[in-house]
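Number of protein chains: 2
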Amino acid sequence: MNDAKIRLHVDQPLGPGQTVNLDRDQAHYLFGVMRLVEGAGVLLFNGRDGEWLARVQDAGKRGGVLIGEAQTKPQGAPPNLWLLFAPVKKARTDFIVEKAVEMGVARLVPVTTEFTNSERVRVDRLQAHAREAAEQCGATWVPEVAEPIRLDRLLAGWDSARTIMYCDEAAPSGMAALRAADLGNSADPAPGAWAILIGPEGGFSNSERTRLRGLDYGCTVSLGPRILRADTAAVAALTLWQVQLGDWR
Amino acid sequence: MNDAKIRLHVDQPLGPGQTVNLDRDQAHYLFGVMRLVEGAGVLLFNGRDGEWLARVQDAGKRGGVLIGEAQTKPQGAPPNLWLLFAPVKKARTDFIVEKAVEMGVARLVPVTTEFTNSERVRVDRLQAHAREAAEQCGATWVPEVAEPIRLDRLLAGWDSARTIMYCDEAAPSGMAALRAADLGNSADPAPGAWAILIGPEGGFSNSERTRLRGLDYGCTVSLGPRILRADTAAVAALTLWQVQLGDWR
Numbered sequence: 001m002n003d004a005k006i007r008l009h010v011d012q013p014l015g016p017g018q019t020v021n022l023d024r025d026q027a028h029y030l031f032g033v034m035r036l037v038e039g040a041g042v043l044l045f046n047g048r049d050g051e052w053l054a055r056v057q058d059a060g061k062r063g064g065v066l067i068g069e070a071q072t073k074p075q076g077a078p079p080n081l082w083l084l085f086a087p088v089k090k091a092r093t094d095f096i097v098e099k100a101v102e103m104g105v106a107r108l109v110p111v112t113t114e115f116t117n118s119e120r121v122r123v124d125r126l127q128a129h130a131r132e133a134a135e136q137c138g139a140t141w142v143p144e145v146a147e148p149i150r151l152d153r154l155l156a157g158w159d160s161a162r163t164i165m166y167c168d169e170a171a172p173s174g175m176a177a178l179r180a181a182d183l184g185n186s187a188d189p190a191p192g193a194w195a196i197l198i199g200p201e202g203g204f205s206n207s208e209r210t211r212l213r214g215l216d217y218g219c220t221v222s223l224g225p226r227i228l229r230a231d232t233a234a235v236a237a238l239t240l241w242q243v244q245l246g247d248w249r
Numbered sequence: 001m002n003d004a005k006i007r008l009h010v011d012q013p014l015g016p017g018q019t020v021n022l023d024r025d026q027a028h029y030l031f032g033v034m035r036l037v038e039g040a041g042v043l044l045f046n047g048r049d050g051e052w053l054a055r056v057q058d059a060g061k062r063g064g065v066l067i068g069e070a071q072t073k074p075q076g077a078p079p080n081l082w083l084l085f086a087p088v089k090k091a092r093t094d095f096i097v098e099k100a101v102e103m104g105v106a107r108l109v110p111v112t113t114e115f116t117n118s119e120r121v122r123v124d125r126l127q128a129h130a131r132e133a134a135e136q137c138g139a140t141w142v143p144e145v146a147e148p149i150r151l152d153r154l155l156a157g158w159d160s161a162r163t164i165m166y167c168d169e170a171a172p173s174g175m176a177a178l179r180a181a182d183l184g185n186s187a188d189p190a191p192g193a194w195a196i197l198i199g200p201e202g203g204f205s206n207s208e209r210t211r212l213r214g215l216d217y218g219c220t221v222s223l224g225p226r227i228l229r230a231d232t233a234a235v236a237a238l239t240l241w242q243v244q245l246g247d248w249r
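For the protein sequence lines, the chains are P and E, in the order given. Quick note on this note's numbering: the first sequence kicks off at 1 and runs consecutively. Quick note on this note's numbering: the second sequence kicks off at 1 and runs consecutively.
Hints in this document: simulated from the structure, not taken from any laboratory. Careful, some of the hints might be misleading.
What the hints assert, rightly or not - In the DSSO-like style, the derived pairs of lysine-lysine whose C-alpha atoms are separated by at most 27 Å in a straight line are:
(1) E:LYS89 / P:LYS5
(2) E:LYS61 / E:LYS5
(3) E:LYS61 / P:LYS90
(4) P:LYS89 / P:LYS5
(5) E:LYS5 / P:LYS89
(6) E:LYS90 / P:LYS5
(7) P:LYS73 / P:LYS5
(8) P:LYS90 / E:LYS73
(9) E:LYS90 / P:LYS90
(10) P:LYS89 / E:LYS90
(11) P:LYS73 / E:LYS61
(12) E:LYS5 / E:LYS73
Just so it is clear, the structure is predicted and the values come from calculations on it, not from any experiment.
Make a model of the complete structure from these sequences and hints.
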């Protein structure tokens, strides 16, 4: 019986009868915080083998062993969508990462723009947030959080096969632009490679805006008549993309 | 010249030459924190008279006076959309309120459901968050935050002319349901009265779900294949509504 409430991402192989060794943090969480006992069920995923129901075989204070029982979900994959975002204040950056994973992205890239005004980005912390969000939202993968890169360098090395959607107040309404970008073929199961670019709280500079408008692989959308914070804009833009081109269709 | 960067909601009338007295908190913010001096511009709105550029006439530690110069924006109004939300943990509830104002709602109603698991809702705190969000996002109104109400009582007294959109995993995809609800007439400038209902982290109970499904004035939408947190679901649902029926069209 699948009575498991807790989902954990692990780095080890998953399969029937496969043992999974827990690290100290995981053991503390399962046995110290959540008080699981031997025989209790836990859902595991590693990004390769789908989701598995596993049972506690050995519960220790500093470690523990689970044993794989049955696959509960096949391995899935997010749409081929990246989120490029200018880091903002700490809590809101964490929020953007969490929301992007729930909404379904394959990769997160912190991007430094001219008006980016933020402390150093700690990729390991953001990656841990991405992992927790994947555990919570039912995804069988954890999106990678890339090292931060300057916007001009990112664009200089960009693969033009990946369309960049970015938000611009002067753009046509969101869905209209996306429909046009989709070339009228919204039933196409493969929308191709995309990235959504979310600027910092101060917006893009004039030269960045000119650069973005000139991209052959750019697509602008409008996010309504009010000024959205960066974290709101990220969720709204991801919603527009997912419902028109992604796995919400 | 409109050099004003700061927007403030005030309760007093706005007009040319009209004096506006600041309370202690506003004076502290403008003169203590933001260091405005006499003659500096501030944008004001009160929900009735549009947005006005005003100038500092008197800057004190415990108060101050601004004087209205020129209207910078006509009075606007949000779409006739309410957000009904089950309060979650403190930071996420604050977040839902902030996001709802940015996304454009007319009224926020905290709703207690069977699985709502949260501390007492402080309406005054949430109303202050709504005001700050309105100041930040450029709205000329502040949505009202209503007193919390139990879902069963709310539905018992509901005006059936206001459609309730709520999220259900078994529903058709978001846009399809909204298009159907809009009776194929998405060019209609007046979509009528709507409310979006966001459940608690644990979802609705079976009896609540049955009740919602039986509503004549209900409309279900799906928010994709992953489990969204309540705050993510609120922004995503508001995006779908705004782009299809609201002021993002």
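Hints, verified against the model:
1. E:LYS89 / P:LYS5: Holds, at about 20 Å.
2. E:LYS61 / E:LYS5: Holds, at roughly 21 Å.
3. E:LYS61 / P:LYS90: Cα-Cα ~32 Å, so violated.
4. P:LYS89 / P:LYS5: Judged against 27 Å, a Cα distance of about 32 Å means the pair is violated.
5. E:LYS5 / P:LYS89: holds (20 Å)
6. E:LYS90 / P:LYS5: Distance ~23 Å between E:LYS90 and P:LYS5 Cα, so the pair holds.
7. P:LYS73 / P:LYS5: holds (14 Å)
8. P:LYS90 / E:LYS73: Given pair P:LYS90, E:LYS73 is violated - Cα atoms ~33 Å apart, limit 27 Å.
9. E:LYS90 / P:LYS90: holds (18 Å)
10. P:LYS89 / E:LYS90: Holds - the C-alpha atoms of E:LYS90 and P:LYS89 are around 19 Å apart, at most 27 Å.
11. P:LYS73 / E:LYS61: Between P:LYS73 and E:LYS61 the Cα gap is close to 62 Å, so the pair fails against 27 Å, i.e. violated.
12. E:LYS5 / E:LYS73: Status holds; Cα separation ~14 Å.
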